[in-house]
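Just need the whole structure built from these sequences, with the hints factored in.
Here the protein sequences come in this chain order: A and B. For the first sequence, numbering that gives the first Met the number 0 gives the first residue as 0, with consecutive numbering after it. For the second sequence, numbering that gives the first Met the number 0 gives the first residue as 0, with consecutive numbering after it.
Simulated from the structure, these hints should not be mistaken for laboratory data. Don't take every hint at face value.
[What the hints assert, rightly or not] If the Cβ cut is set under 7 Å, some of the chain B residues that face chain A in the computed set are:
id	residue
1	296
2	386
3	393
4	402
5	408
6	435
7	438
8	484
9	485
[Stated by the list, open to error] Chain B stretches covered by chain A per the calculated footprint, using a threshold of three residues with CB under 8 Å from any CB of chain A:
id	stretch
10	315-329
11	416-427
12	439-448
13	490-497
[Claimed, not checked] Per label pair, the in silico range of CB-to-CB distance:
id	chain 1	residue 1	chain 2	residue 2	range
14	A	591	B	19	56 to 62 Å
15	A	198	B	192	52 to 58 Å
16	B	111	A	6	53 to 59 Å
17	B	482	A	49	26 to 32 Å
18	B	482	A	202	31 to 37 Å
Just so you know, even glycine gets a beta-carbon here, dropped at the ideal spot from N, CA and C.
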Amino acid sequence: MRAYAGLLPAIPFLAAAVGLLFGPRFPRLVAPLAVYATGAALVLSLPIWWLARDGVVVETTRELTPTGAFPITVGTRVDGLAAVVAVMVCAVALAVQVYSTQYLHGDRRYSSYAALVSLFTAAMLTVVLSGDLIVLLIGWEVMGICSYFLIGHYWEQDWVQGAAVKAFVMTKLGDVPFLFGIFVLAADAGSFRIGDVLETAQTGQLEHATLATLLLLGGVVGKSAQFPLHSWLPDAMAGPTPISALIHAATMVAAGMYLVARLYPAFAVATATLAVLGVIAAITMVGSAVAAFAQDDIKRVLAYSTVSQLAYMGGALAVGAVGASMFHLLTHGAFKALLFLCAGAVIHVVGTNSLRALGGLRAAMPITFVTMTLGLAALVGIPPLAGFFSKEAILTAAEHVMAGEPAVEGAPLPAAWVGGLVLVAGLVTVVLTTAYCTRLWLMTFLGSRRAGVVAAVAEESGVAQPSADESAITGSQPAHTGSPAVGAAHDPPPAMSWTLVALAVPTVLLGFFGLSAILLPKWLPGGEAGAGHPALVPGLVTSLISVGAIAAIGWYVYRRWAADPVADLADAFLGRYRAVVEDGFGIDRLYNRLFVRPTYALAHAIQRTDDDVVDASVRGSGTGARALGAVLRRVQTGNVQTYLTGILVGALVVGLSVAAAAR
Amino acid sequence: MSALPVLLLAIPLVGSGALFIARGRVGEFAARRLAVLASGGSLAIAVVMAAGFDYGAADRMQFELNAAWAPAVGLRFHLGVDGISLPLVVLTALLSFLCALYSVKIVPESGRVRAMLALLLLLEVGMLGSFVALDLVLFFVFFETVLVPMYFLIADWGDPETRRAAAYKFILYTLLGSAIMLLGLLIIYVQTGTFDMVALAAAGGTGISHSAQVLAFLALLIGFGVKAPMWPLHTWLPDAHTAAPTIGSVLLAGVLLKMGTYGLVRIAVPMVPEGAHEFAPLLGALAVVGILYGSLICLVQRDLKRLIAYSSVGHMGFVLLGIATLTPVGVNGALFANIGHGLITGLLFFLAGAIKDRHHSADMALLGGGLYQRTPRLGALLAFAAVASLGLPGLAGFWGELLTLFGSFDPAGELSRSLFLVLMVLAGLGTLLTAAYLLVMLRRVAMGVSPRRWRDPVLLGDVSAIEWASWTPLVVLIVVAGLWPRLLLGVTDPAVQALFGVFG
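In structure tokens:
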């Protein structure tokens, strides 16, 4: 088991290397390579998961390099949480690789695509398993660059290019403080190793815990797309849909929250950081859920939803409920991957992302309909689907903290107001989630195709936001918005529809795993309240409130929709504010005005200065020297090159004579 | 005593001489083969040295050759390598060889290949000599030797429109720098009575008065700062890089700039440490200004080659910042960044040259995107090099930046911690800007739909065999150095520790 965990990232890494080098020459081997390598990683992750059940932490370590201060090591640190998350990552990656064989069938760039997904998988597993913070950082940023390349898969289009650059730069903005946070931790612990850092934190010797964790939070906020660095994620939907499922829903964006959980002992001694995290989570949760309701692009609805759900995990971490947070990470990984792949099936078959152009697909796409319904129900938190259990575990923990008791025994106790804030925001978000999920569900599957609206959409051609007409680019499926008739819609090919069915299983069942310690809680930090007692059981009060709210809001939204099935519910509810909400409250325009434009203005100013001032002074001296040269030339040979050689020799002679004189 | 360093220099020197003397008697293709052979021989020697190097004693000079040269003034012909210089020697030999190899098929339109290759080999002698010289005067001679061939490479084989002015600026600027540097070297000599670099480094400034140290360091800082280039002494660089032919740009960025930072680490910091402590805050501040200044200009740069040139100002800023921290971590980072930048920017200039040759322009507005579309392999290589250049962890650009920043986080005891923390934060901002301008560059050049004017398939072939041959080693080394940093840090660290053991 010791060195064996290192194979997990190594296998997909090799697959990526082979795929990048030889994929173009052997196109038929690309898909098997990607699928089998990911499958092998999944198989290998299972024994690791099983061996990690007893709460033993297994570490391997070797020095990677000296630095001049303390060395950087390479090795794995497997605990229960890492093992469970590794299994989840491998499983979702496998699902996405299988699904992609069909989704990107015939795409000229499939070979590099599959290799980049493999590279991404390797990087994510590195983040999950690494025992050293610097090696973790390598995985962290390699994930980012894979995300950049995969978002930019359809690089012909201008908005795709912008989305890719934005995703990388915005997350990198968070990664700069993140790196400094690692420095602070490492300096306090005298080591880059996670084990040493945690030990230092647990013995109370982490001198700058608050500073370090606040800096780390920068990277977490960027990676996990939390306010104020969240706005790259909705744009990232420019990538192929399977990428959105894997990277921008189930794994990479969750890595930020995972990191907090992995380093939790350091965060636990920094209550100020936890409070900041709680506030960020509350703002993000509510704000993005509102924005999700106003989106027209089915993928952007899901993207804002992801931002909102990640905030639940952040809120849980803020109130000390690490187990509940990671429980939600796992269930969300399952149902959100499922939802994206369902959306991909719709887009693949129908040829549009626009909700306004969808509708009535229930009969034509039964598998997609059933699985997506389950996914949405899990997202809303309808019992007994997975999302219900994990979300209620979070709300219950927040309730405890509000009442002044720790989420679980031994957890840090943040201020009561943090608990209250997370609880209230969480309940409000339950209401909002119900609303946008119901809208999505109704507009996609019920009613009838909005034939009249379709024509209008086609004419507008993406005024609100561009609709990723992916299949038009891949050339494998129906062309433009509105052209396919309802009768032409059907469930996607087997590789895709079976993936949906497979992901529906954990979407339904994973919640029950929280109820018995031997199933899941004993793998999660703080998952057990005392030996053998799971701490992830939903509380009665919050459950009743949530379920009641879901039923009431669901019914209300349905009534409003039924009154006029053709109209867009977002217009009905938001009226003239819809545009600004759909635009994500105009945050991007604000950032543009505050940061991007001034930076460019400064850059232009500096460029002018470089020409006019810094260089002009040099040119001045150059002119002077040339004039001098012209004079000298008359006395000498008249050849500039000889003159230059003369300077050289002269300098040497002067040097030597001074040297001789000094002697 | 070892003959290897002499062979290392003699092989390209003989090759250069042969090409100069032979003139018309050697066919052009024979000349190209000879250049490959000579630089290849030198590379082979460098590899033999790396293989035979005692890594357990990387802090000691190895393969030493120490012979009397001008006994009357105590000059010695003293050569050798240690952990600080060995990686640079190998890098120089490799890049020179790759340039010669590239020139087998691809040469500037100006022709006169024989003369160009003779200068290339002479340049190699100067560069290698600077890294193996252990006598200050010898060092200075090699250091100056480099200027002449580089001047002619720019002036005679460069871009016809700008090469004259650029070459003038280059030579005047660097000669001025050298003169000031020489002043610094002489101050050291006058105070200690020796040119022996090993002895001077071991003495660690003993016997040099404080004011002399300060003065000497200032002179050396200006001299090496011109070369590095350190802001605001950088303005020769964009013109020279832009005007130079491809191999000129590759060697300028890949090796010549490193001679400046190498000089700081090898001479200025260990020999006049008190001066170094006085000026470290200034050096750090100028370094960070360079980082931000360079990356901001890159953000609005129109010309691809100029963009890469300015990116060097930013990247070399990291090297200078690492040195300014006066810590083993920082200097290790600086040395790693030296090599990383040499590999990555060498590759970038090769690619920019290839793009310019194909389109007869490096103006990004004129290129107009779509490189991924019309030459996918060239596009993929450009993306790889750009990603390496932005310091992606796992590639060669990362470790230098990381260690430099970490050094800045905890600078040498006497230095102001708060100042260096500010510098660290600003440099961190620089990494963000670096990522931004490189990805914006890729967006403008590589992504998008190819304009109609580049539809001629004959003109725009994808990467050719000779290009693969000359670029693949760089790509491989960028990955290897990124994944296995010990390869370099294991060599430099003992030497750097020894350096600081003396006065730290």
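Hint numbers the structure violates, sorted upward?
none
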